[in-house]
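With the hints as a guide, bring both chains together as one complex.
These are the residues of each chain, in order.
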Amino acid sequence: MKFLVCISLVPDTTTKISFVENDTKFNTDKVQWILNPYDEWYALVRALELKEANGGSVTVINVGGAENDQVIRKALAIGADDAIRVDATSDLDSFSIASDIAAVAKDGNYDVIMLGKETINYNGSNLGGMLAEMLDLPFISYASKLDMNGNVASIDREIEGGKESLEVSTPFVISCAKGMAEARIPNMKGIMMAKSKPLAVVTPQAVAPQTSTVKYELPPAKAACKMIDPDNMDELVSLLHNEAKVI
Amino acid sequence: MAILFIVDLVDGKVKKGSFEVASYASKLAANTGTEAVGLALGTANDSDLADLGSYGTTKIYHASNNAFNSFDAGVYAQAVKDAADKIGAHTVIFSMGLTGKAVAPRVAVKMNAGIVSGAVALPDTSNGFVVKKGAFSGKAFALVSINTENKVVSVTPNAYGATKGSGTATVEAIDLIPAASRITVKEVKRQQGDVAPLPEAELVVSAGRGMKGPENWGIIEDLAASLGATTACSRPVADVGWRPHHEHVGQTGVAIRPNLYIAVGISGAIQHLAGVNQSKTIVVINKDPEAPFFKAADYGVVGDLFEVVPKLTEAIKKFKAQQ
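In the order they appear, the protein sequences are chains A and B. If you read the first sequence in this note's numbering, its first letter stands for residue 8, the second for the next number, and so on. If you read the second sequence in this note's numbering, its first letter stands for residue 474, the second for the next number, and so on.
Excised from the complex, chain B in its bound form (with noise of 0.2 Å):
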C-alpha cells in the first residue's frame, strides 16, 4: 500500500519540484500509516537520487533505461501504472508541471483511479480523502472528495514546500519495458542558465509596457540578477516582440506561484493577475497610483520606475552583503 511518487528529471537531473512531491509524499504516507517511495524513469545519477531521501523517503526505484530519457506521455503513464502494480501503490503523486499534467491523467484512467490536479495542501485523510486544489484561476479553492481506491494527485509547484531534513534514500533498479512511442522527437531546444524556469521559480521579477521598449530591460535583469530571480513581462510585452514568449505570464501566458513576485510597471489587468495572483508576496512598482494591481498586491512603490527599480537593486545589495 506504498504510496508512489514521480521523480522529474530535466537532462538527468532532479528538478526542483521532485523535492517537493518526496516531502508530499512521505508526510502523507505518515499520516496514513505507509511509506513513500519514489520513481525515476530515464538517466540519472543514484547519489542524486538517493539525497530525495533527505525529504523523508525511504526508497527510489530506477528504471534507467535511455528510452525513458525522450518524453512521451503514454510511454511514461504505461511505465508509472506498471511501476505502481510492481510495488502495489495505490497512490501516485506528481508535481503539476508540464510533465506531471500530460502523464498524470494518463496515469489516472490506466489505474481506474479518481485524479485532482492542482493539489495546494496534503490531503484531508481524517473521513475519506479529500484534496484542496486552486480553481476559478486562483480565485477560489476547491475541496474535491477522491472516491476511488485508486488515487492520483497531482502538486501545483511551490504550493506545499519542501522540508529538507536528513538521511539517503536507498535507490534500487526497477526493471520497466517501456511501451514503443509513437511520437518521433525532432529537437529539443532548453534555456540556459542558472535561475529556475518560470514555472517553478521561487523570486521572479516581472515587467510591463511601463518600461516604454526593450532597450531598458537591463534594470529588470539587473534586478532579477541581485536576487537571483527568475525575469517575466506582462503579454503585451511578449505580443510586440519585447520579450520572448516563454516569459510572459498570466492567463493567457505561465501561471505561477513564486514566494516573491516583483511587477514594474504592469498595470495588473484581470487576466494577468489570474496567472499570478497565487504568489505568496507580490509588490507592485507603478508611476499610476490607480493601478488595479495595487489592490492585489502586499507592498507598493508609487514612483518612476526607471529610478526606483535601480534604487531598490542597490537597496537589495547592500542587504546581501550584509547577510
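Only chain A is shown next, with the shape it has when bound in the complex (with noise of 0.2 Å):
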C-alpha cells in the first residue's frame, strides 16, 4: 500500500505574529517553522502505523523553496521512506498547491493520500478536498479513525453533531484529526537514517494561484480583564446582561 502524506511548513504555535510591508507580508523574522502539527500528529503517524503494519511505504510531499529541506527532514526522522518536494517559491494560494502536488499524485499512484484537518496558519481546510476534486476521488475529511482491511478502509469522522462509520476502497483522499494517531518523537536512528533518505525536487505546475492576500490585520487590542469579587455573582450577570449583551 503506497502512502502520501502532504506535509505544511507553518509557525510555531507560540509565534507572535506580526506583519512587514505595510502589513502585506507575513514578518517571517525569527519564526520557528515547524511541520503543521495536524498533518505531522496523526496523517504521518497513522500512515507510518499502517505501513508499519501491513507493509508499503510513506512518501512525504511538500510545495516550498528549499528551505523547507530541514523540515521535511524531520518528517524522514519520524519514519517517512522517502520525500517530494515541489520546488515553488512565488506567493501561493491552496489552488495552486493542490495542482502542484495533484499533478505528482497522478504519476505516483497512490493509494491513500493523508493530510491534516487543516493548516495552523490559514485554517482553510481546502487542500484535500481539492485534491480529491482534481485527483476524481472520493475525500473523507475530519476522520478520527483509519484501519485498512485489503483495499478497503474502516473510517470513523466528525458530521455535523456526531459521528459517522463509513467504508470506501482505495485510492482517496482523508483529512486527520484528533483520535487518528498519537504523536511520534523522532529518535537518534530515525535522525541519522532521514539524512540519506532521498528527498526529490520536482518543477512546480505552471498554474496561477486564484486568490491572492491583500493584507492582513491584527484584532484589536484587548481591554483589560475586568475583575469581579468572586461574592458578587450579579455584577458579573449584570455585565454580562447590560455591558457585554450576551445573554
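Mixed in with the good hints, there may be bad ones.
DSS-like mimics (lysine-lysine), calculated; alpha carbons at most 27 Å apart, straight line [what the hints assert, rightly or not]: (1) A/Lys170 x A/Lys152; (2) B/Lys753 x A/Lys229; (3) B/Lys784 x A/Lys252; (4) B/Lys753 x A/Lys233.
Hint data in this document are derived by calculation from the structure and do not stem from the laboratory. For clarity, every value in this text was computed on a predicted model and none was experimentally measured.
Have a look at this one:
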C-alpha cells in the first residue's frame, strides 16, 4: 500500500504574529517553522502505523522552497521512506498548491493520500477537497480513525453533531483529526537515517493562483480584564447582560 | 448572476448556520445588485425552508432525492455545481461547518472558482472582491482577493450573525441527479439533546483540570443548563477521559467562536486559546490570579471554582426569573 502524506510548514504555535511591508506580508523574522501539527501528529503517524502493520511505503510531499528541506527531514526522521518537494517559491494559494500535489499524485498511483484537517496558519481546510476533486477521488474529512483491510478502509469521521462510520475502497483522500494517532518523537536512529533518505525536488505546475492576500490585520487590542468580586456574581451577570450583551 | 447559498440540513432540520449564510448571501446580493437563492439537498419540510425567507432570501431550491440524505462530499459537490449551472449562479456561499469544509473546495475546483474559507465579514466589493478571514489560529485576519469570475466563500459560524426580518421564501423543486457515491455509510451517531453542538453554540461553559475529577462536573452542567449553554472542556480533561473527546475545545480539538465562553479552572495554554480566542466575550474563573487566561479574558473572577460556580448559577437563575 502506497501512502502519500501532504505536509505543510507553519510558524510554531507560540509565534508572535506580526506583519511587514505595510501589513501585506507575514513577518518571518525569527519565526521557528515546524511541520503543521495535524499533518505530523495524525496523518503522518497513522500512515506509518499502517505501513508497519501491513507493508508498503510512506512518501511525504511539500510545496515550497529549499529552505523547507530541514523540516521535511523531520518527517523522514519520524519514519517516512522518502520525500518529494515541489520547488515552488512564489506566492501560492491552496488551488496552486493542490494543483502541484495532484500532478505528483497522478504519476505516483498512491492508494491513500493523507493530510491534517487544516493548517494552523491559514486554517482553510481546502487542500484535501481540492485534491480529491482534481484526482476524482472520494474525500473523507475530519477522520478520527482509519483502519485498512486489504484495499477497503474503515473510517470514523466527525459529522455535524456526531460521528459517522463508513467504508471506502482505495484510492481516496482523507483529512485527519484528533484520535487518528498519537504524536511520535523522532529518535536518534531515525534522525541519522533521515539524512540518507531520498528527497526529490520536482518542478511546479505553471498554475496561477486564484486568490491573493492583499493585507493582514491584527485584532484590536483587548481592553484589560475586568475583575469581579467572587462574592458578587450578580455584578458579573449584570455586566454580561448590559455591557457585553451576550445573555 | 444569482448568489447561491447552501442550506445545511441535519436529519431533515435546517441548521442554524443556514440562517447566517442566508443573511450573508442576501446582504451580499443587495450590495451587488443581484438576488440570493438557497439550495437544500435531501429530505426537508418545505415550510421550514420557506422560513429562510425571513433572512432576506426569496427562493429556495429543494432537491429532495433520498440519496442526498447520506453525506458524500463528492456527490454534494456535483449537485451544487449542477444547481449553480441551472440557476446561473457565479458565487456560492457555504457555512464553514464540517459539511462546508468538505464540499466547498470541491465545488471551487469544479467551478474554476477562487475560494476563501473562514470569512468573518461581508466581502468588500468596492474594488474587486476582497474577503476578510481569520488566520494564524485566530491571532490575525487576512484580507483575501478572489480573482476569478466564479467565487466560493465559506462563512465562519457565528462570525457574521443572522439578521431576522419577515417574509417567506418560495420553495421550488429542482431536479438534480445524484452522482453515484463511492462511500458506504455503516453507522451514524448523533448527540441528542436541545443544546447546540459546539461548533455553532452561542454560549459555552468549559472546564479544565481545576475541576479535580469527573465526579465534580455537576456544577458545570448546572451552570450550562441555567444559561442554555453547551458544555466543553480542555485537552487534558478529554485526554484522561473525564469528558468525551467531542467536548474538547482548543487547537487540537474543536475551534469555536461563541458569543460567550466561560472558562472554569482552565489556565489558558496557548493551544487552548487558539481554539477559543475568537469568542466575543470570555469569562475566566480561576483561583490562580497569575493564570495566563486572564490576559485574554473580558471578565475575570479569582476564587475557588467550587464556591464561585454555584453562586454564578444562582445569580443567572435569579436574573432569568426576573426577565
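Task: 27 Å limit on alpha-carbon distance, applied to hinted pair B/Lys784 and A/Lys252 - done: With a Cα-Cα distance of about 20 Å, the restraint between B/Lys784 and A/Lys252 holds, given a limit of 27 Å.
- [ ] With a cut-off of 27 Å on the C-alpha distance, tell me whether B/Lys753 and A/Lys229 pass.
- [x] Answer holds: B/Lys753 to A/Lys229 is near 11 Å, not above 27 Å.
- [ ] Would you mind confirming whether the straight-line C-alpha gap from B/Lys753 to A/Lys233 stays at or under 27 Å?
- [x] holds, 15 Å
Task: Hint consistency between A/Lys170 and A/Lys152 [alpha-carbon to alpha-carbon, up to 27 Å] - done: holds, 11 Å
In this structure, none of the earlier numbered hints is contradicted; all agree with it.
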